[in-house]
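J.: Each chain, letter by letter, is given below.
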Amino acid sequence: MDKPFAITLDPGSSRANHTGAWRTERPVYVSGLPPCNDACPAGENIQQWLYLAEEGGLAAYEAAWRQIMADNPFPAIMGRVCYRPCETACNRGQLDSAVGINSVERYLGDQAIHAGWPVFADNTPVDAAPTGKRVLVVGAGPSGLSAAYHLTRRGHSVTIKDAGSQPGGMMRYGIPKYRLPRDIMDAEIERILAMGVTLELNTTVADILAELNEAAGGHGGGGCFDAAFVAVGAHIGKRAYIPAGDSAKIMDAVSLLHQVEDGTRPMLGRRVAVYGGGNTAMDAARTARRLGAAEAVVVYRRTRDRMPAHDIEVEEALEEGVTMRWLSTVTAADAGSLTIEKMRLDETGFPQPTGEFEELSADCLLLALGQDADLAVLDGVPGVTFSGGTVDVDRDLMTGHPGIFAGGDMVPSERTVTVAVGHGKKAARAIDAWLRGTEPDAPQRPALAAYDTLNTWYYADAPAAVRPKLEAARRTGTFDEVTGGLTGSTALFEARRCMSCGNCFGCDNCYGACPDNAVIKLDAGRYEIDLDYCKGCGICAAECPCGAIAMVPEET
Amino acid sequence: MPSTRIKFYQVGSFAAGNRLLPEDLRSIQSSDARANTLTCGHRACQGCGEALGARYALDAVMRATKGKMIAVNATGCLEVFSTPFPETSWQIPWLHSLFGNAPAVGSGVATALKAMGRSDIRVVAQGGDGGTVDIGMACLSGLFERNDDVLYICYDNQAYMNTGVQRSGATPPAARTATTPAVGPEPGNAFGQGKNVPLIAMAHEIPYVATATVADLRDLEDKATRAMDFHGARYLHILVPCPLGWGSSPADTIKVARLATESGLFPVFEAEDGQVVSSARIRRQVPVTDYLRLQARYAHLFHPQERTDVIERLQASADRNIARFGLLEDQKPAHIERTRLTLAPVHDSDQRR
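Residue numbers (my numbering), protein chains in the order written: chain A, 1 to 556; chain B, 1 to 353.
It cannot be assumed that every hint is accurate.
Listed next, the in silico DSSO-like pairs over lysine-lysine satisfying Cα-Cα at most 30 Å (straight line) [stated by the list, open to error]:
{"no.": "1", "chain 1": "A", "residue 1": "Lys-3", "chain 2": "B", "residue 2": "Lys-114"}
{"no.": "2", "chain 1": "B", "residue 1": "Lys-66", "chain 2": "B", "residue 2": "Lys-114"}
{"no.": "3", "chain 1": "A", "residue 1": "Lys-521", "chain 2": "B", "residue 2": "Lys-68"}
{"no.": "4", "chain 1": "A", "residue 1": "Lys-521", "chain 2": "B", "residue 2": "Lys-66"}
{"no.": "5", "chain 1": "B", "residue 1": "Lys-195", "chain 2": "A", "residue 2": "Lys-3"}
{"no.": "6", "chain 1": "B", "residue 1": "Lys-68", "chain 2": "A", "residue 2": "Lys-3"}
{"no.": "7", "chain 1": "A", "residue 1": "Lys-342", "chain 2": "A", "residue 2": "Lys-177"}
Calculated from the structure, these hints are not laboratory results.
Just chain A, with the same shape it has in the complex (with noise of 0.2 Å):
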C-alpha cells in the first residue's frame, strides 16, 4: 500500500526484534544540583533562570526574573551587591571562565524595574489562600524584608517594624551609594511593600511579648501578632581601647557610613587611617576617598590573604587609592597621627605583637573592627538564649521561645545581605509551617553535578563578557555607582555561557547519538528512552554535554 519510494515487497522490519532485552544497565534523565545553586546563600535556582533567560527577548527575561523571584525579591539588588559565592562554584571557571551569574542577575532585575513588572502577573497578591494569621516582622533590612516578601506570598500578612526612618537596614546604612544605588534599592523595596506588607518606621519593639497573642506566647499585652521574625541585625561598632590623646580623632566606621546617609558629610582630614581589614573597613575608606581624604590608609593586623573583606572590594578600593598597612596594629592615637606596632605571623597564622613601634600621620582613625547584635529586643525572652553576641536559634532559625524566630546578622552566620535574604526566605518557611502546625517542606537536594560529569567538548568557547567600570579617577569625586551593566546583547551572550550543570538543555546530543534509535523525542527538550531497543550502551550518557543522563543496572 503506502511503501516507500521504489519498495515492491513487504520484508519483516527488524522492529519486531526487541533489543532491549540485550540491556544490563538503562540510561535515566537526571537532574542534578548545579554547582551554583548548592552555593546561592538565598537559595536561588541560578541554573533554571538562566536557562529561561537564554531564549533572548523580554518575554524570556521576564520569566527568568518571576524564577529569581521565586526565591529571594532583590534581583537587582543582587546583581550589585551579591559576593557571588555562585561564580566561584560555576563550573565553567574549570573551563575557561565562570558565567556572570551577577551580572546577568543585575540585568534582569534593571529590566524588571525599568519595565515595572509586578510580582505577581496578574495582579493577585498571593500565591496560597489568605490565611488570617498574623506575622510581626521586626527589622527591615535585607533579612525582614525577605520573611515579609516570602510570608505575604504564602498567604499570611505581615507588618514590619523598624527603629529607623527608613527601610533597607544594613543596605542602606552600611552600603555606600557607589556600590547600591538608593533608586534601585527603593524600587525594589517599594515593590514588596507593594503586596500589601505594612511598614511601621522609627518604631522601637521594647516588649515583643506584648505584641503576641496568647496562641504565639504572648502576655496579653493586647497583641494580635501569631508569631515574630526578628531580624534588627548588628550595626554596633565594636570598639577596642585604645589610649588616646584629647586632641585624637576617632570615629567608628559603621557611624561614618550611617551619617553618610543621612546627607551629613563629616570632617574626616586630609589623611584618615581605616583599623580593620573588613568589607566594612573597605567601605570606609573609599567613603573617606569620596568625602575628600587625598590619603586612606587601612591598618590590618594580618596579611592580604587573611583579609575576611572580598577580593572584589579589595581591588576596587586598591584601584581607588587606597593603600595598605599589613602586619600592624594601632597602639595609640594622637592628633595628627598614630603609633603602630609591627606584628609578625606565628606557626598557628595568629599575629603577635614585635615590639617595633612607627608613627603613622592621620587626621583620623576609622574603627572597622567588626559589629556587634543589638539583642535588646529579646532580652528576657523567657526560653530565648545567646552565645557569643549572638542568638540560638534551631534549623528552623526558631529561637527557644516557640513562635519567635530570629535570622540576619544577629544570628551566627556568615553576615552578607545575601545570607540574610536566604534566613528571611527560610524563616518564612518555618514560620508558615508552625502556624499551619506542618513540618517545612525539606527543600530537594539531588546529587551534586559537579565538573567530572559534564561533557564541556560540546560547549563553544566562549570567553566571559565584563561590566564596564568607572574609572578610578572618576569614582573618588562622586559616589556614583562604580560598576556598569551588561547591555542586552552581552547580557544573552553571558547566559549562553551556562553549562546547565546536571540539568537537560533540550542539546538533542542523546537523540543524535544513539545506534539503536532509542531516543524519543517529546516536547522541547524532554525526551524518553524507548526501552525495547535501548541495547544499554551508555553513548548517550557518555556525550550528554551537562550530565543529565545516569546509567542505572537493570534488575535481574
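Could you slot chain B onto chain A? The hints should help.
T.: Relative to the frame of chain A, chain B by itself:
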C-alpha cells in the same frame, strides 16, 4: 564547507541540536523528521560505531536527494546485523551484493538508471574496510576510473570485525587483531603496511573525496550532503569505532573517534579533483596515548611495561598527519584553500558593547 557565522548559542554546532538555533541550522540527526534509514531492532553490538555512522551518512544523503536514493551494500557487519532473513532494518531501497563487488554493482545500478532516463535517482554503494580496502579494491578503482555516478562510503572500523577481528589493509600499526597477535618484539600489526584509500581515491582525481568520523556529526552530514552536489565517482571514508574489535567501552565509541582526530591519528579533510581543499582543525590536542589507552587492542603497549618505542612511532605518524594536512590552527599549508568552520561562535566587538 561553507562557513556560517552566527551568534553564540551555548553549544555552537558541537551538539546534535540546539533549542536556541533556528530549525534549518540544526543537524539532520536532531530532527524527528530524519529518515532513520537504519531503524531500530538491528543486531549490531552495543555502542556500534558503524550503525551510527551509516544512519548519519545515509540520512543526510536521503535529505540531499529528497528521498530518491538506492543503496548497494557489500557483505560485512553492516549487512549481517541489518538484514538477517526475513528482517530488515533498512527503510530505503537496498541491495546486498557480494563481499567484494559493491562498487561494481553500484556502477551497474547507476548505469541502469541512466539507461532508464532516471537521472533523479542517486546511488550509494557502501561497505566496511575489508570489503573496500582489500576485497573490493579492484572494483572500487574501476568505479573511480570510469567516474561512474556513485557515492561510495567506506565505514572503517580497521579490521574484519564480522568474521572475528582479522587484520585488514586498514588496520593501524601495533593494533592487536586475531591475525596480528601481541607477541614478539614487534607485537600487533606491522608498521609500514596497509593502504590509505582516501589518498588512493584522490590519486584517481575523482570529483570529491572526504574523511569523517562519528565524533563530528555536523561535519559528517555536511560532507555526505556536499558529496551529492557532485556527479561522478565520490568517496567518503568514515571512521567508525568498533567496541568489540577495539576492546573499548561501548559508551566510549564517540569519545574514541574524537580522540583519533584530536591526536592527529585520523586526519579529517576533504579533497576535490585530487586536491585537498579543507581540513578540520584540532581543537584540543591530545597525545596519542590518550587514544590508545581506551582500547584493549593496544593494551600490550602499556602492560606489562610501557612500549615507549612503539608509542613514539605512533606519535610520529600522528605528527606527520598534522603537518601534512595542516591540522593545527597555526598551520596553513599552501594547498589548503579554506578552513572548515561551520557555525563557529562569534561575538563581535560591537556585540560586546
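J.: Please work out if Lys-68/B and Lys-3/A have their alpha carbons no farther apart than 30 Å.
T.: With Cα atoms ~13 Å apart, Lys-68/B and Lys-3/A stay inside 30 Å; holds.
J.: Taking only the CA atoms, is the gap from Lys-521/A to Lys-68/B under or equal to 30 Å?
T.: 26 Å, holds
J.: Are the Cα atoms of Lys-342/A and Lys-177/A separated by 30 Å or less?
T.: 34 Å, violated
J.: Next pair to validate is Lys-66/B with Lys-114/B; report whether the Cα-Cα distance is within 30 Å.
T.: Holds, at about 18 Å.
J.: Holds or violated: Lys-195/B with Lys-3/A, Cα cutoff 30 Å?
T.: Between Lys-195/B and Lys-3/A the Cα gap is close to 41 Å, so the pair fails against 30 Å, i.e. violated.
J.: Tell me if the straight-line CA distance from Lys-3/A to Lys-114/B falls inside 30 Å.
T.: 24 Å, holds
J.: With the threshold set at 30 Å, check whether the alpha-carbon distance from Lys-521/A to Lys-66/B stays at or below it.
T.: With Cα atoms ~23 Å apart, Lys-521/A and Lys-66/B stay inside 30 Å; holds.
The structure shown violates the earlier hints numbered 5, 7.
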